[in-house]
Each structure stands twice: as structure tokens, then as C-alpha cells.
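> Each chain is listed here by its residues.
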Amino acid sequence: MHPITTAHYLALSAGLLLIGTVGVLTRRNIVIVLMSIELILNAVNINLVAFSHTLHNINGQIFAIFVITDAVAEAAVGLGILIALFRNKETVQADEIDLLKW
Amino acid sequence: MLDTILFYAFALLVLGGGILTITQRNAVHSAVCLIVSLLGVAGLYLLQQAEFLFAVQIVLYVGGIMVLFLFVIMLVNLDRAAHERQFNRQWMVALAAVAAVGAEVSYFLYRGAGAFHVAEGAVAGGAPAGAGNTEVLADALFSEYLLPFEIASILLLVAVVGSVIMAKKRI
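Residue numbers (numbering that gives the first Met the number 0), protein chains in the order written: chain D, 0 to 101; chain X, 0 to 170.
If you are wondering where the hints come from, they were derived from the structure by calculation, not from laboratory data.
Honestly, I wouldn't trust all of these hints.
Claimed, not checked - If you anchor each label on the Cβ, the simulated ranges turn out as follows:
no., chain 1, residue 1, chain 2, residue 2, range
1, X, Ile150, D, Pro2, 37 to 43 Å
2, D, Asp69, X, Val92, 27 to 33 Å
3, D, His1, X, Val160, 47 to 53 Å
4, D, Arg86, X, Val27, 39 to 45 Å
5, X, Glu83, D, Pro2, 29 to 35 Å
6, D, Arg86, X, Pro147, 32 to 38 Å
7, X, Val100, D, Thr4, 57 to 63 Å
8, D, Ala83, X, Leu5, 40 to 46 Å
Bear in mind that the values here come from a model prediction, so they are computed numbers and not experimental data.
Backbone N, C-alpha and C define an ideal beta-carbon position, used for all residues, glycine too.
Extracted from the complex, chain D is given alone in its bound form:
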């Protein structure tokens, strides 16, 4: 068994990022698209904490805290928009929301 290096964490984070991107690009349900965005932000956080641990520098963890703050704000506003949208259009499918298309 070989020891875990920073590259392992980076590979895991890249995998989570790709899973989240697939979710954002392919799913129709907006709730699940928002969940995929949370996955992407978590991938960023894994990266930041891994480098913070490697370089013995606390700044990476502080950036991770700010990323979590942004994730909270994004989830709150996104779900508020979703509720307003559902009240007006009765749908949560992303490709049925085409009010601004001709």
C-alpha cells in the first residue's frame, strides 16, 4: 500500500468535478442541476484543503470557508428562483423554461 499524496486528492477532486459537470449539462430537473453545482463546489474545496495541507498554509482552508459561504448564498437564491418559476410556469424541467426564446 503506497501512501496518499496530494496527487491522489487532486485526482479525486477532478473526478467529482467531472461528475458535477455531467449533472449540470445533462439533467433536466433544476433541483438536481443545483445539487450538481454543490458537487462542483465541493470538488474545489477538496483541492483547496489538499494544497493547504501540503504547503502547511492555512489560507487554503480560509478560501474553502468563503467557497462554502458562496455555496450557501447560491443555494438560497437558486431555490428561491426555482419556487418563483414553479409558481408561474408549473414546471421544473430546465428545457421547458424558454420564455425568452422566440
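Dock chain X against chain D, hints included.
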């Protein structure tokens, strides 16, 4: 040795939970799988001696954001969406694009994995020995990063007001 086993266990939780999150038909099942994935990420934080972020991850993500998601899933009627097509028409293109990016990233990681050892020796502004993770974090957050901290609180205030106005029936 134990670290290696724990890393692979948590990595399995993170990636398995993530894949299940984006493939489930029912949004509640998706949310539960996302919780598993977020708990795996919290375990990874603990593995890297980031105890404060571990607590924040559990309290904020699993306790806060996921409850918000479940509330919205409860408020919004998702029954019709669960019986319809789950993926976009252009999902093949999206999958191909993501696979291309994945190949690129894994190539760079494979070629550059050795370079991180160089950085591992360079300790830049290290934490004082003996101080706990939370103490060091708070020290930096309330001295060096005080202005970003306050701006983040304004951001949260704006987000709260914005989401209340957005979800309100009549302003």
C-alpha cells in the same frame, strides 16, 4: 496504512454518492445520495487535519443546505418530472465534451504528479506548532481576512433578502 484505507473508503463514498446523485430519477433519492457524498468530503477534511472545516461541512452542508433542498423538494411538485425523460436531448455531446476534459486533466495529473513533491518541502508561513486548527484559522480569518469576512456577511444578507423576495407571492 490506515490513512490509505480511509482515503479510499471516503473516495468511494464521494464518487459513488456523486454518481448516484446525478442518475437517480427521484429528487429525494438524489438528495440522500448527495448527503452521502458530502459526508465523504467531510471525512476527507478530517483526514487532512482540517477539523474546523469538517464541522462546518457537516453543520452547514448536511444540516443547512440539504434541509433547504428537501424543503423545496417538498414544496414543489416533482411527481410529473419523475415520470418524464430525465436527460437532455444533447446528453451525448455533453458526455463527449466532459470525457475530453477528463482525458486532458488525467493526462496533466499523470505527467505532473511528481512536481507536487517539490512544493511539499517549501513551508510558507506555517502554522505555529501546538496551536489547534480552529485557533490558527480564526487568527487568520479575523486579522488578515477581516474585510473579506465582512463582505461575505453582506453577501449572505443580500442572498437572504433576495431569496425571500424571490419566493414571496406578492411584494
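> If a hint holds in the structure, say so; if it does not, say that too.
So, going through the hints one by one against the coordinates:
1. X:Ile150 <-> D:Pro2: 37 to 43 Å: holds (39 Å)
2. D:Asp69 <-> X:Val92: 27 to 33 Å: Holds, at about 29 Å.
3. D:His1 <-> X:Val160: 47 to 53 Å: Holds, since histidine 1 of chain D and valine 160 of chain X (Cβ atoms, about 51 Å apart) stay within the stated range.
4. D:Arg86 <-> X:Val27: 39 to 45 Å: Violated, at about 21 Å.
5. X:Glu83 <-> D:Pro2: 29 to 35 Å: violated (48 Å)
6. D:Arg86 <-> X:Pro147: 32 to 38 Å: holds (35 Å)
7. X:Val100 <-> D:Thr4: 57 to 63 Å: Violated - the Cβ-Cβ distance for valine 100 of chain X and threonine 4 of chain D, about 23 Å, lies outside 57 to 63 Å.
8. D:Ala83 <-> X:Leu5: 40 to 46 Å: Taking Cβ atoms as reference, alanine 83 of chain D and leucine 5 of chain X lie about 43 Å apart, which means the hint holds.
When the structure is compared with the earlier hints, violations turn up for hints 4, 5 and 7 and for no others.
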